[in-house]
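Visitor: Construct the complete structure from the given sequences, taking the supplied hints into account.
Protein chains in written order, with the working numbering: chain A, 136 to 451; chain B, 24 to 364.
Don't take each hint at face value.
If you anchor each label on the Cβ, the simulated ranges turn out as follows [stated by the list, open to error]:
| no. | chain 1 | residue 1 | chain 2 | residue 2 | range |
| --- | --- | --- | --- | --- | --- |
| 1 | B | ILE143 | A | THR218 | 22 to 28 Å |
| 2 | B | ARG68 | A | SER378 | 50 to 56 Å |
| 3 | A | ILE169 | B | GLU218 | 52 to 58 Å |
| 4 | B | TRP112 | A | ALA241 | 35 to 41 Å |
| 5 | B | ARG212 | A | ASP228 | 30 to 36 Å |
| 6 | B | LEU140 | A | GLU391 | 28 to 34 Å |
| 7 | B | LEU140 | A | ASP292 | 53 to 59 Å |
| 8 | A | GLU391 | B | SER362 | 42 to 48 Å |
Distance condition first, Cα-Cα at most 30 Å in a straight line; then the derived DSBU-like pairs of lysine-lysine [stated by the list, open to error]:
| no. | chain 1 | residue 1 | chain 2 | residue 2 |
| --- | --- | --- | --- | --- |
| 9 | B | LYS166 | A | LYS261 |
| 10 | B | LYS60 | B | LYS71 |
| 11 | A | LYS222 | A | LYS438 |
| 12 | A | LYS267 | B | LYS166 |
| 13 | B | LYS320 | A | LYS267 |
| 14 | B | LYS170 | A | LYS267 |
| 15 | B | LYS320 | A | LYS438 |
| 16 | B | LYS356 | B | LYS320 |
| 17 | B | LYS62 | A | LYS168 |
| 18 | B | LYS320 | A | LYS261 |
| 19 | B | LYS60 | A | LYS261 |
| 20 | A | LYS438 | B | LYS167 |
| 21 | A | LYS267 | B | LYS167 |
| 22 | A | LYS381 | B | LYS320 |
| 23 | B | LYS71 | A | LYS168 |
| 24 | A | LYS438 | B | LYS166 |
| 25 | B | LYS298 | A | LYS222 |
| 26 | B | LYS298 | A | LYS381 |
| 27 | A | LYS267 | B | LYS356 |
| 28 | A | LYS207 | A | LYS222 |
| 29 | A | LYS438 | B | LYS298 |
| 30 | B | LYS62 | A | LYS261 |
| 31 | B | LYS166 | A | LYS168 |
Since the hints were made in silico from the structure, they are not lab data. Being a predicted model, the structure only gives us computed values, none of them experimental. Glycine included, each C-beta is placed from N, C-alpha and C at the ideal position.
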Amino acid sequence: MEDIIKKENYETPAAEAPKKHKRKKVQDPLGDKIYYIITYIVLALLALIVIYPLWFVIIASFSSADAVLAGKVYLWPVDLDFTGYVKCFSRADIWIGYANTIWYTAAYTVISVAFTLAAAWALSRKTLPLRKFWMIFFTITMFFGGGLIPFYNVISDLGMLDTPWAIILPGTVSAWNLFMAKTFFQTGVPDTIVEAAELDGANRARLFVSIIVPISAPIIAVLTLYYAIGQWNSYFNAMIFLSDSKMYPLQLVLKEILTASESTVGGSGETMLEQFRLANQLKYVTVIISSLPVFLLYPFVQKYFAQGVLVGSLKD
Amino acid sequence: MESKLLQAETAEASGVGVSAEAAAEAQQSKKESFGTKFKNSYFARNFKRNWSYLLFLIPAVVVTFVFAYIPMYGLLIAFQDFTPGDSIWGGYWIGFDNFSAFLGNYAFWGLMWNTFLLCILGFIIGFPLPIIVALMLHTTRNKKIAKFLQTVFNGPHFISLVVLVGMLYLFFGRYGLVNNIIESAGGERYSFFLESGAFRPMYILSSNWQDFGWSSIIYLAALSGVEQSQHEAAQIDGASRFQRVLHVDLPAIMPIISVMLIMSIGGLMGVGYEKVLLMQTDGNIGVSEIIATYVYKQGLTAGGLGAGYATAVGLFNSIINLLLLIIANTASKKFSENSLF
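Guide: Structural data, given as structure tokens:
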């Protein structure tokens, strides 16, 4: 009984407190009210500016080409029309590009995450021989590089031109991601776990594979997403290193579709106007088709992405 | 080792009760070979225990060495009359000729100006915007709305450059959305991609559209560390919400702002070629040709002035960047105690 009464006594003030708080909040001074209103208006406008172009691409892809070109499409699809999608699905180059990108991205991501994780683990250990030297070794690459032409020459000298390796291997270890993962290991993995494992006689490889990797799921997620989206979205290396269009990644195929002069995109046998209309339609559709995987994943991954930025910003 | 010797010697010289022990020790350590010295060093002992960590480092070191350090060595061709296929050792050394050729090139000042202007204009809008957005999001009292807005603002960051520029072509094309609006408002259709006046605003605004949310994350993180008690104290003193933003929130993120400022200044001449190349047309080439795209064209496309020349131009640009970074860092260290390194 006494216990209950005590509890009740404890709970009442606690339950009342938030109410009081709320009541106080309602009576903002006029200046604050104005401030909040302005803030909300500005933020809402920004949200609109971000969302509307994306929304427009979606509705334009479902509208008839004429309606889009005539400027009748503003808020909702006009004259529902799927010709763009039909046209897109019938283009082999887009799907070859898709397949290429998937395999480049998968290979690149697996290699990158493995290399980065292993190196970050080593760098996070205070007993790593020559630790300072290795830190400087990686840090320099963040501020200085050989530039485009020497980089091209290296790829060329290694015989990687026109091979998938030119897309997959360079950039597998970014110093930025490396330091982010290192910070994670330093702050997120208790030393006691490492010491316990070493006392149990586990060797370092064993320790890494069966203890460290399983508890590093958050950083593996972040690294995977950073590397995968980076590779998915890149076009430049493919443009300078690959000459066979059968090996083009999706972004390079897209570049040719999206930035080509309008008359060259449509098929043969169509009038200029027809070609222009189809090309325009196709562009809206390809924007959507190519960004779809990233945007389907986006709501799930964005918290991880943000986490990565936060971990990376911690100084060690 | 040496210090022991020194100790023994000074002890002897001063003649104050020469410690026999120290002398004997010194005698002995003189006999120690270099090998033993090395074996007893911290490095050797640590290496023996922890060499296996180095194995974890190997793949990353190899990749970084091959794709980042060998190209740095390859910068030597900037001082050569290099033709593709030559080896770096066999090249014909011409000293700084490539650099003076660039400095004397009729395109030099145009390229410098275009690069600088694109960066500085982008910086003037792109630097404060994420800070303002972060401060505003932080004051939003409804956390759900704040989270939703953040999700929206971060979204465009994940759009590829090709798609982003493709969208620009669609929206600002002759028959695109923007021109439709202009026409229905009674204006004339305008070829945004063929007029040089439209390039910089399109480039800068689209970059900001894509990244303002993403860039604000780091400031939001710093803001979440602001202590509530500071706000309460300010409130009791009668500070309005806006005053608290200026005098509590803003000072709290000042260190991170200066770090970001140093980085931005370091990148002031370092605008990338990837997006500019996609946006270049014959109509806007006069303002859209920047150092990075010039390097690409001179070095890797037919009709360029050659790999050695292009490398020299690229090196010139990265040295300017490095100098800017060091100057900004030193200045910041001096005036605000915040620095990158």
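Visitor: So, for every hint listed, does it hold in this structure?
Guide: Against the structure, the hints come out as follows:
no.: 1; hint: B/ILE143 to A/THR218: 22 to 28 Å; verdict: violated (45 Å)
no.: 2; hint: B/ARG68 to A/SER378: 50 to 56 Å; verdict: holds (54 Å)
no.: 3; hint: A/ILE169 to B/GLU218: 52 to 58 Å; verdict: violated (41 Å)
no.: 4; hint: B/TRP112 to A/ALA241: 35 to 41 Å; verdict: holds (39 Å)
no.: 5; hint: B/ARG212 to A/ASP228: 30 to 36 Å; verdict: holds (31 Å)
no.: 6; hint: B/LEU140 to A/GLU391: 28 to 34 Å; verdict: holds (30 Å)
no.: 7; hint: B/LEU140 to A/ASP292: 53 to 59 Å; verdict: violated (37 Å)
no.: 8; hint: A/GLU391 to B/SER362: 42 to 48 Å; verdict: holds (45 Å)
no.: 9; hint: B/LYS166 to A/LYS261; verdict: violated (40 Å)
no.: 10; hint: B/LYS60 to B/LYS71; verdict: holds (15 Å)
no.: 11; hint: A/LYS222 to A/LYS438; verdict: violated (36 Å)
no.: 12; hint: A/LYS267 to B/LYS166; verdict: violated (42 Å)
no.: 13; hint: B/LYS320 to A/LYS267; verdict: violated (39 Å)
no.: 14; hint: B/LYS170 to A/LYS267; verdict: violated (40 Å)
no.: 15; hint: B/LYS320 to A/LYS438; verdict: violated (40 Å)
no.: 16; hint: B/LYS356 to B/LYS320; verdict: violated (39 Å)
no.: 17; hint: B/LYS62 to A/LYS168; verdict: violated (72 Å)
no.: 18; hint: B/LYS320 to A/LYS261; verdict: violated (46 Å)
no.: 19; hint: B/LYS60 to A/LYS261; verdict: holds (23 Å)
no.: 20; hint: A/LYS438 to B/LYS167; verdict: holds (14 Å)
no.: 21; hint: A/LYS267 to B/LYS167; verdict: violated (44 Å)
no.: 22; hint: A/LYS381 to B/LYS320; verdict: holds (24 Å)
no.: 23; hint: B/LYS71 to A/LYS168; verdict: violated (67 Å)
no.: 24; hint: A/LYS438 to B/LYS166; verdict: holds (15 Å)
no.: 25; hint: B/LYS298 to A/LYS222; verdict: holds (27 Å)
no.: 26; hint: B/LYS298 to A/LYS381; verdict: holds (24 Å)
no.: 27; hint: A/LYS267 to B/LYS356; verdict: holds (23 Å)
no.: 28; hint: A/LYS207 to A/LYS222; verdict: holds (22 Å)
no.: 29; hint: A/LYS438 to B/LYS298; verdict: holds (27 Å)
no.: 30; hint: B/LYS62 to A/LYS261; verdict: holds (20 Å)
no.: 31; hint: B/LYS166 to A/LYS168; verdict: holds (18 Å)
Of the numbered hints stated above, those contradicted by the structure are hints 1, 3, 7, 9, 11, 12, 13, 14, 15, 16, 17, 18, 21 and 23, listed in ascending order.
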